[in-house]
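Since chain A is already given, all that's left is putting chains B and C on it; use the hints.
Residues per chain, in single letters:
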Amino acid sequence: MKNVFGIHPTAVIGDNVRLGDGVTVGAHTIVYDNVVIGAGTVIGAHCILGEPNVAIYSDVESYRNPVLTIGEGSLIRSGTILYAGSELGAGFECGHRVTIREGASIGHHVRIGTLSDIQGHCEIGNYVRFHSNVHVGHKSTVKDYVWIFPYVVLTNDPHPPSETLLGVTVEEFAVIATMSVILPGVTVGRNSLVGASSMVRKDVEPETVVAGNPAKTVASIHDIKSRADGTAVYPWPESFDRGMPWQGIGFKKWRDSAESQ
Amino acid sequence: MKNVFGIHPTAVIGDNVRLGDGVTVGAHTIVYDNVVIGAGTVIGAHCILGEPNVAIYSDVESYRNPVLTIGEGSLIRSGTILYAGSELGAGFECGHRVTIREGASIGHHVRIGTLSDIQGHCEIGNYVRFHSNVHVGHKSTVKDYVWIFPYVVLTNDPHPPSETLLGVTVEEFAVIATMSVILPGVTVGRNSLVGASSMVRKDVEPETVVAGNPAKTVASIHDIKSRADGTAVYPWPESFDRGMPWQGIGFKKWRDSAESQ
Amino acid sequence: MKNVFGIHPTAVIGDNVRLGDGVTVGAHTIVYDNVVIGAGTVIGAHCILGEPNVAIYSDVESYRNPVLTIGEGSLIRSGTILYAGSELGAGFECGHRVTIREGASIGHHVRIGTLSDIQGHCEIGNYVRFHSNVHVGHKSTVKDYVWIFPYVVLTNDPHPPSETLLGVTVEEFAVIATMSVILPGVTVGRNSLVGASSMVRKDVEPETVVAGNPAKTVASIHDIKSRADGTAVYPWPESFDRGMPWQGIGFKKWRDSAESQ
Chain A
29 MKNVFGIHPT AVIGDNVRLG DGVTVGAHTI VYDNVVIGAG TVIGAHCILG
79 EPNVAIYSDV ESYRNPVLTI GEGSLIRSGT ILYAGSELGA GFECGHRVTI
129 REGASIGHHV RIGTLSDIQG HCEIGNYVRF HSNVHVGHKS TVKDYVWIFP
179 YVVLTNDPHP PSETLLGVTV EEFAVIATMS VILPGVTVGR NSLVGASSMV
229 RKDVEPETVV AGNPAKTVAS IHDIKSRADG TAVYPWPESF DRGMPWQGIG
279 FKKWRDSAES Q
Chain B
29 MKNVFGIHPT AVIGDNVRLG DGVTVGAHTI VYDNVVIGAG TVIGAHCILG
79 EPNVAIYSDV ESYRNPVLTI GEGSLIRSGT ILYAGSELGA GFECGHRVTI
129 REGASIGHHV RIGTLSDIQG HCEIGNYVRF HSNVHVGHKS TVKDYVWIFP
179 YVVLTNDPHP PSETLLGVTV EEFAVIATMS VILPGVTVGR NSLVGASSMV
229 RKDVEPETVV AGNPAKTVAS IHDIKSRADG TAVYPWPESF DRGMPWQGIG
279 FKKWRDSAES Q
Chain C
29 MKNVFGIHPT AVIGDNVRLG DGVTVGAHTI VYDNVVIGAG TVIGAHCILG
79 EPNVAIYSDV ESYRNPVLTI GEGSLIRSGT ILYAGSELGA GFECGHRVTI
129 REGASIGHHV RIGTLSDIQG HCEIGNYVRF HSNVHVGHKS TVKDYVWIFP
179 YVVLTNDPHP PSETLLGVTV EEFAVIATMS VILPGVTVGR NSLVGASSMV
229 RKDVEPETVV AGNPAKTVAS IHDIKSRADG TAVYPWPESF DRGMPWQGIG
279 FKKWRDSAES Q
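Residue numbers (this note's numbering), protein chains in the order written: chain A, 29 to 289; chain B, 29 to 289; chain C, 29 to 289.
These aren't lab readings, by the way, just hints derived from the structure by calculation. Check the hints yourself; a few may be wrong.
A pair counts as met if it fits within one copy or between any two copies, since identical chains are not told apart.
[To be verified] Cross-link-like lysine-lysine pairs, in silico, DSS-like; alpha carbons within 30 Å at most:
| hint | residue 1 | residue 2 |
| --- | --- | --- |
| 1 | LYS171 | LYS230 |
| 2 | LYS171 | LYS30 |
| 3 | LYS244 | LYS171 |
| 4 | LYS281 | LYS171 |
| 5 | LYS253 | LYS281 |
| 6 | LYS30 | LYS281 |
| 7 | LYS230 | LYS281 |
| 8 | LYS281 | LYS244 |
| 9 | LYS244 | LYS230 |
| 10 | LYS280 | LYS30 |
| 11 | LYS171 | LYS280 |
| 12 | LYS253 | LYS230 |
| 13 | LYS244 | LYS30 |
| 14 | LYS253 | LYS280 |
One chain only, chain A, in its complex shape (with noise of 0.2 Å):
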């Protein structure tokens, strides 16, 4: 297929801009200045990486655009917008139209959803998937292995609107079902599980399910059985591995040999 790979001479690339080996930037992308894509990366068209801070407009002689990396290997899809003074890391992945402001760092291997948007200056670890439409507010901390899905709200200002921003915490293999609300400065326990369209203002201990406005803990997450097989679901490292570390090798199995390294 023509216009798919390669540099698009539609594209329009700024100063410094480094580019690994057979990186592709697709029809009418724009790269600003120092952004380093790293190689076999596929950026789709209509992107805009680099974007300049909002500093620019108030002193554009002293601006200097600072530097966006993006791992290796890596899937752009056409329409995202990732801002100078973010780091990806190797193999991300994201859906069309997605936002990533200034101040992101971004882990290996994370996948997010099209139509989020990362408002910047937070944290996100290694193997997270969000889904669509995911909103993650300034301050956020977002463990290896957490799934979010869309709609979600990661809030940080406990009394809007404030300069108080206290960020919410999700812990590692915590999922959050589509269009809950995490309230400020609350943490999302380890192995946890927030059912659809909670609105969760205390923390969620490690291994419960909360559901509800506001949320309660319903049930340990070791109750909830496969509607498939009755087998027992959670943690779902156990269950479920596409596109995980442990894929084809078992989670426990795959754990005990990281571990012992």
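Structure of chains B and C alone, referenced to chain A:
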């Protein structure tokens, strides 16, 4: 006005694209291989049609772009992304920056609002209306004359993340109000009404109103009166006809004549 | 930096477009006929300004694009679509991929976040702040100094689908937290606070806090203390001034001087 109709010189057109008479393709729009567009259809600016599926990234040599078909007399507003491998009926109309992935089968005279995200591998009937920002998961079935309002999610995974997908079914003439979530495997019955901000985990009986988190049955649809004139509002086809096939005819008269065919 | 300021050569400009001194129009942006842009305004890349209304598709011969006016010193971030027939005051600022349809009247120094969807035929005052992904239905009235957070919906149809539209009114200084829905015809009172994930079906009294699904009054705003220092937070203008006309002056002093004018 300039720059609105015709094939804009900045459009990028692939191989084996079949454009019907009088088709418009807007500025900076990209049409990939094997797209078929019916006569009189208008494609806005900054669109992507026939976006390749993910398979292209793993094996470009053997990849062949599936056909995308858009029916005649359609209006695809700017910024919309339609994947290869879907089929949209005649008179399709959508807002801006809609995403429709592969394997979507969409009937005729459907309207889908700005920023809606149709995940593909789903069935959508005729004369369906989605307002802005509706999210439709894989395996959803939405039948004819259904209305869905902003930020509604049709889910599919009963214990995320898993490989068990149970789609939602929305029956004819059902209405789902804004910010509601329909849990996996639920059937929303014919002529029913789901109130705003509902979290629906059980089937909704035909001709009932459900509301709340979790949603409960709160009324029969026949109990709801117009705030304009106090008359019965539901089933809505008897009080609303704009854009519907019974416009200017009356629903019962149209139905009787249609059923007699 | 290149490619940020000035009229980019890839921009497509229509007839009768009036650009004030020092206006920037970004790469691949389309400006249709009859757009008026005030001095010093920056239009990002991939925008569409003066998008024609739907009438153009039914009768292109007689269609004349209504005027779109953007005030001086504004910042329209990339990917934004502004319809013909709206008016935006000076100092307007928006995020990425905002949509504002025809018939919107927007005051000065307003900020609207990424992906927000303003349906048009609405009134928005001065110094209003919308965060990302706010949905404003037709006939909404949002007065000065209102704050609305992500995924809030201002609805308008009391029994959808119908031809009865009852807009929401949000009074001065009111705050609506994330994921809340305001039902048709509701008035959100001056200085009030709507908690996150609320479903508001009754008027909100001034200076009260409502929360829940359905929302109930839970406190006076005067009861809420800062998590940073324990002081009263609301009415918020007395504790927050960034970007407001009383910045560096103090709200009461500013108000007294302003009221004396």
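To see whether the hints hold, each was checked on the structure:
1. LYS171 with LYS230: Within. Shortest intra-copy distance 19 Å satisfies the 30 Å Cα cut-off; inter-copy 33 Å does not.
2. LYS171 with LYS30: neither (39 Å within a copy, 37 Å between copies)
3. LYS244 with LYS171: Classified as within: same-chain Cα gap 23 Å, cross-chain 35 Å, threshold 30 Å.
4. LYS281 with LYS171: The answer is within: 21 Å in one copy meets 30 Å, while 46 Å across copies does not.
5. LYS253 with LYS281: Within one copy only: 23 Å inside, 50 Å across.
6. LYS30 with LYS281: Cα proximity of LYS30 and LYS281: none, with 44 Å in one copy and 52 Å across.
7. LYS230 with LYS281: neither (34 Å within a copy, 38 Å between copies)
8. LYS281 with LYS244: neither (34 Å within a copy, 44 Å between copies)
9. LYS244 with LYS230: Classified as both: same-chain Cα gap 9 Å, cross-chain 20 Å, threshold 30 Å.
10. LYS280 with LYS30: neither (45 Å within a copy, 52 Å between copies)
11. LYS171 with LYS280: Intra 19 Å, inter 44 Å, cutoff 30 Å: intra-copy only.
12. LYS253 with LYS230: both (26 Å within a copy, 17 Å between copies)
13. LYS244 with LYS30: Neither: 53 Å inside a copy, 53 Å across copies.
14. LYS253 with LYS280: Only inside one copy: LYS253 and LYS280 sit 19 Å apart there, 47 Å across copies, limit 30 Å.
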